Structures are given as C-alpha cells and as structure tokens.
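2 protein chains.
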Amino acid sequence: MIETPYLLFLGDAPDQLAAKVAQGIKDWRPEFALGQYRMEGCKADMKVPDMDLAEAHAAGARTLVIGVANRGGVISDSWKAVLHTALEQGFDIASGLHNLLRDEADLVTTAARHGRILHDVRVPSVKYPIANGVKRSGKRCLAVGTDCSVGKMYTALAMDAEMRARGMKVSFRATGQTGILITGDGVPLDAVIADFMAGSIEYLTPDNDPDHWDLIEGQGSLFHVSYSGVTMALIHGGQPDALILCHEPTRTHMRGLPGYALPSLEQVRDTALAMARVANPACRVVGISVNTQHLNEEEAAACLAEVEKRMGLPAVDPFRHGAARLVDALAAI
Amino acid sequence: MIETPYLLFLGDAPDQLAAKVAQGIKDWRPEFALGQYRMEGCKADMKVPDMDLAEAHAAGARTLVIGVANRGGVISDSWKAVLHTALEQGFDIASGLHNLLRDEADLVTTAARHGRILHDVRVPSVKYPIANGVKRSGKRCLAVGTDCSVGKMYTALAMDAEMRARGMKVSFRATGQTGILITGDGVPLDAVIADFMAGSIEYLTPDNDPDHWDLIEGQGSLFHVSYSGVTMALIHGGQPDALILCHEPTRTHMRGLPGYALPSLEQVRDTALAMARVANPACRVVGISVNTQHLNEEEAAACLAEVEKRMGLPAVDPFRHGAARLVDALAAI
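Those sequence lines, one after another, are chains A and B.
Under my numbering, the first residue of the first sequence carries the number 2, and numbering increases by one thereafter.
Under my numbering, the first residue of the second sequence carries the number 2, and numbering increases by one thereafter.
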C-alpha cells in the first residue's frame, strides 16, 4: 500500500499528455492529489496547488508520486535532486517508470538512511499464491475488451465514481501501474510470474460483504495473441459475477498486430462468458462500453444505438455519457 | 542448451518413482543417457551402465543431470560432495529442483572456479520477447487437456518417437522442467513473466522447414482456473496447425480443485479451436489421446471406441497402443 495523500511530481513534463498518471490521480482520486511539484520548464498543470516539498509535507502529503513519463527512459540528474530531497524530508516515492527507483543506488542509499520506501509499482512486491478457485463472498465485475487499450480502466473508474456517488460499496481493483498509482494499491499483473497470475487476482479481490463490488481493471484481450493469457487469468482469478464488454469501433486491426482483425462483440461475449462460467456459473454480461472518441456526436449516438439493439444490452460511452446505465445494470443483479 | 550426453545422478533415490526425471530421459532420449551415478542406498535403476564421474567423463558425458527428486526439498551434504567433485572434473550440472543450484553459494563458487555451468531449468535463462503474432513457416502441433496432468507431455513425446522412427522432421518443444531436462532445451513456461508468455513460445518454435513439425508440450488446461492463462499463451504463442485433445476419463474433479467438474471433450475442442484460430485460422483438431491407466484392457477399449465414435476423431492411448494413429492424422494435414 502506498501512503496517501500524494504530492504529484510533474518534473519538466513537455506537455499535458506526458503527465497522464498525475491526470488520472487528479481525475479519479482528487482527494489524494494534495498538490503538484513542477520544475523549471514544466508544461503540464493539474490545477491543484503548487507546493514545495516542505509545504506539501506540512499539509499531510506522505508520498511523492512520479506523475510523468520520463524522457529517454532514464531518471535525470535534475529529477534526482528533487527525489533525494523528498526522501530526506520524509516522503516515500512511488513510480511506474520502466527505469526502476530501486536500480538507482543513490536513491536506495538515501531512502535507507531516512527510513523511506521506494515503491516501484511495475514490480510485484508480494509473493502471490497459486489460485485455488474457492468461491469468495461479495461481488465482482470485470471489464473485458475486444482489444487492448479500448478503455477498460476508464470504464471501471467511471463506474467506481458513479457507485461511490450512489453510496454503494465498491473497490476499484487496479491491475496495472497507472491504476495502482491512482488508488495506491493493486497487482502489476503483466509482471507476475505465469503460475501465480490467477492467484494474484484472487489475492486482490478477497472475501467481502455480500453487497460489495470489486471493479477489476481489465488487461489485454482474449483475442490479442500477445496478452491473452493475462486476460484469461483475470477471468478465472477474478471469478466475476458480471462482465462489461469494452470496444473501440474505429480500430482497423488489433493493437500492435497488423493483419489481426478485431473480434466481434458477439465473439467476445460468448468466449469470455463461457470461460468466466468455469469459475462462476452465475456470471453474466451486463453492459457494453464503447469508446467513441474518434466519432462525432452523431456517429457516436448511431454507433451506440446499433450496438445496444444488436446486443440487447445497455451500450454507453462513459466518457461522453457517464457510467450510470452500466451501474444500473450491475445494481440489478 | 544443456550439453549432452548426460550422466544421470540418481543419488540415494528411495524408489524408482523418485527418479522419474532420469526415467524420462532414459525412455525418450536413450542416446543422452550414457550412464547412471548411484549413491549408497539408491533403490532406483535405469538399466544403464553404472559409472563413476571419471568413467562417464572419459566416455563423453558433459552434464550431470539431477534425475531424482530430493528429500525434504534441500540439497543434502551427501549429494553436495558428489556435485562438487563433478564440477571439478569438468561436468556442468542440470537440475529441475525447487532448491536451486544457484542458491547454494558453495556450488556457485566451485562452478565459477572450474568454468562450469549450473543449469536450473525451473528458471528462465532467456529474456523473451513480447509475442508479435507474425505467421511462422513450418508446422506446429499442441496438446491441450481437459485437465492438468492428463498425459500431454507423454503424448507429445510418444508422437515425437513415432515421427522420428518414420524419418519425419520433428522437434519436441519442452515447456516444463522435466521436458527440458529430457531434451536439453526448452522454456520453463510456468516461471515466465506474464507479458512474455506467448512470446516465449514464439521464441521456442521459430520458422522452420515447411514439412517440419514442432510438437509443443502442453501445460495446464483452459478449464483449470489456476493455470488457464498459461494454456492460453501456449495456444496463441504456439500458433498451432493441429491440436491433440488429452483426457483422463476417471478423474472426478479438476486436479487440486474440488468442486470443479472436468469439461467435456467437446467443450475443450470448441474452445481451444476457436482460440487457436485467432492465431492460425487453418488450425484443426486431429486426434484424441486418452490416458486409460486406471482402466483395464476391456474398459480402455470400450472408452476409446466410445470417444472415437462420439468425436469423429482417432482416439488412442499412446501408452497402451502407441501414437501411430495420431501421427497418421498429423501427416494427413
């Protein structure tokens, strides 16, 4: 668990997009985004108070989160100066960078000297069990996609926000580094050893109140040959009661795989549901989330109406129209 | 790659079954099983010449393979004495034990001093790529099971032996530690990091002659919730042209998962084939391997006849009847 609230480190971000981790925290867990730390030349702005390290610590921030992608894949000396000072002033540091904090000997030394923690959220910090398939109490929902990067995390976070607003019992369960930094906890599933993938998801979504929902962040796609094993482990380890299908209607081939056509929503529904029912015979598909960012309003409305009619399920773009109808469908289970 | 031929280390094996890795090598790669090294009290016998280290080295053996499970999960001092001497006399050591050779500092020191290699085949030694899904030349066959431990490795090895005997171009591709020790090479798939599972299988089964067959060792089952992700990665990374279904008809529940019923052969056929066709639209199911070890001759014959009729595919127990009919089916593709 990463200690919250956070001071968001934006470094020398060249533009707003480079700080998308910080943006995710600000959008979905504004209560964690106490302030931002920007260096000379930073072009990103989360619209939260600018603070120096001492101010943020005094205000209660306990972790400096690297909210920006680093240029060239290395932690620069100008960043390092800030990170060392943060450790000295009592901050832990959390990062999803490929360049691990723990591989920087000077940061490790400073952290050890001051008793602080370096959280590299790309790397599992837990020895996960092998999945045992035992039925757990509480309810779980998993987003499964026709492809990678079609909006599964966004969909789950939008549902989480709606369910919180309604006062429902809900936990967003992160399975990737951005989600982990947003919520402060989770499983970096793509970095888990094969034998323990499903077990890590059982660990992530333990027994809970009968009316509590885990919203499990999806990964990959059963139809994406590079990552389908990861998706399968989510379906069996997650033991979902409900599936949300996620789709991006303008994509011409599977992400990173020219020549691989996207499956139909029907194929994803039938395959994912059959697999999910191995672990939870009561599982059903409750709704469809369509990422219409590349369609105009009229095209988006037509696309959603067509999908909804064809599939007989509520079809929404949670970014344009909110997740209320998906949550209605969950609540009806 | 592990250097062959081998001297099989049987240690102080309490019975024949404890030496099943050595037995596998003797059965499937007799040309690698130059001799055996037995300690005081050893109750296993591979029926190959007993040799001391010097004799085996003079005869050409270059690797001492730990062919026996160790008691209590630790490498004992009595074993250690032999292992040190082997390293000093010019042997590499290969092991599939949970207790890794590399975790024994004294063995590491001796190996380094003598320029020898410690092969822990449970641990990947390669940085595998992410799968790219590009179509590869040559043909591939994958065994998929209704459950774990139903005879997938045995089936592939029996087909490999039959195809070698017929002079066909064939490679058994090991994906587990026993298979790796038998053939000297392979991918320990259950220990691979999630993102690289499918890529490791692409790496294992590269472009080849158009009439060459890779026989890929299966793992787990799409219907086994603990390991289904591993199976999925084999199906997509392996890009199989042919599937063999493997089944054990007397099992009352999925291995290690009380309450989980086995899928039918029809379910495995339909699910595995649909998934395989994502990566290779020409894939087909060509035969069925039934492990009838818990049936008598009459029951086995009745079972195989029933499965063959119901599924419309050759159904054999390769242990009882050989793999010839499965190879006939492959050759007909």
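It is worth saying that the hints were derived from the structure and are not from the lab.
Heads up, some of the hints might be wrong.
Said to hold, decoys possible - As a list, the in silico DSS-like pairs of lysine-lysine whose alpha-carbon atoms are at most 30 Å apart:
no.	chain 1	residue 1	chain 2	residue 2
1	B	Lys48	A	Lys128
2	B	Lys136	A	Lys128
3	B	Lys48	B	Lys81
4	A	Lys44	A	Lys81
5	A	Lys81	A	Lys27
6	B	Lys21	B	Lys48
7	B	Lys136	B	Lys81
8	A	Lys170	A	Lys27
9	A	Lys81	B	Lys128
All figures in this text were calculated on a predicted structure; none of them were measured in a lab.
Quick rundown of the hints versus the structure:
1. Distance hint between Lys48(B) and Lys128(A) is unfulfilled; the C-alpha atoms sit about 42 Å from each other, more than 30 Å.
2. In summary, the hint linking Lys136(B) to Lys128(A) is not supported, as the alpha carbons are separated by about 36 Å, beyond the 30 Å threshold.
3. Distance check on the hinted pair: Lys48(B) and Lys81(B) sit about 24 Å apart at the alpha-carbon level, within 30 Å; holds.
4. Of the pairs offered as hints, the one joining Lys44(A) and Lys81(A) holds, with about 19 Å between alpha carbons and a cut-off of 30 Å not exceeded.
5. Annotation: proposed proximity of Lys81(A) to Lys27(A) holds, straight-line Cα distance about 24 Å (limit 30 Å).
6. Our distance criterion of 30 Å between C-alpha atoms is met by Lys21(B) and Lys48(B), whose separation comes to about 13 Å.
7. The hinted pair formed by Lys136(B) and Lys81(B) fails the criterion: a straight-line CA distance of about 47 Å is larger than 30 Å.
8. Straight-line distance between C-alpha atoms of Lys170(A) and Lys27(A) comes to about 22 Å, which keeps the hinted pair within the 30 Å bound.
9. The straight-line distance between the Cα atoms of Lys81(A) and Lys128(B) is roughly 29 Å, inside the 30 Å bound, and the hint therefore holds.
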